[in-house]
Amino acid sequence: MKIFNLFICFFILFVLVTGCKQQKVIRYELVDGNPEIDYIDFLNDTLCRFVAPGPLILTCHYAKQGNTYIIQINNMVSARLCKIGEGKLQGEPPFFEGIWTVKEKLLH
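Using the numbering used here, count along the sequence shown one by one with no gaps and you end on 613.
The set of hints was computed from the structure by calculation and includes no laboratory data. The beta-carbon is built from N, C-alpha and C at its ideal position, and this holds for glycine as well. Don't take each hint at face value.
Said to hold, decoys possible - The calculated label-pair distances, taken between Cβ atoms and stated as ranges, are: (1) N579 / N549: 26 to 32 angstroms; (2) E609 / N580: 28 to 34 angstroms; (3) P558 / V530: 29 to 35 angstroms.
Stated by the list, open to error - Here are the computed lysine-lysine pairs in the BS3-like style, where the Cα-Cα straight-line distance is at most 27 angstroms: (4) K593 / K608; (5) K529 / K593; (6) K593 / K610; (7) K608 / K529; (8) K593 / K569.
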């Protein structure tokens, strides 16, 4: 019975370790903004995270269409950022207005 329990523990540990692969997060910060609140983290190919007024940290879905990122803030509201150069996005009013530049590539 002890061998079985030990096997189960090692199996669970193995699953946890192999399931926790590193993930690259690309962070954009607003030029001349406050880096603690004026950032957008692209977490993967469909999710991003940013600070909304409040300040609330929101995680939302986004889609990339050509050089444009469309962030779905809620069911009825979306925001657009257009790529204007290597590592630069131009945000459209009223959300994400301004120039955003890549600051960090984080691994999680």
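How the hints compare with the structure:
{"no.": "1", "hint": "N579 / N549: 26 to 32 angstroms", "verdict": "violated (20 angstroms)"}
{"no.": "2", "hint": "E609 / N580: 28 to 34 angstroms", "verdict": "holds (31 angstroms)"}
{"no.": "3", "hint": "P558 / V530: 29 to 35 angstroms", "verdict": "violated (23 angstroms)"}
{"no.": "4", "hint": "K593 / K608", "verdict": "holds (10 angstroms)"}
{"no.": "5", "hint": "K529 / K593", "verdict": "holds (18 angstroms)"}
{"no.": "6", "hint": "K593 / K610", "verdict": "holds (14 angstroms)"}
{"no.": "7", "hint": "K608 / K529", "verdict": "holds (13 angstroms)"}
{"no.": "8", "hint": "K593 / K569", "verdict": "holds (15 angstroms)"}
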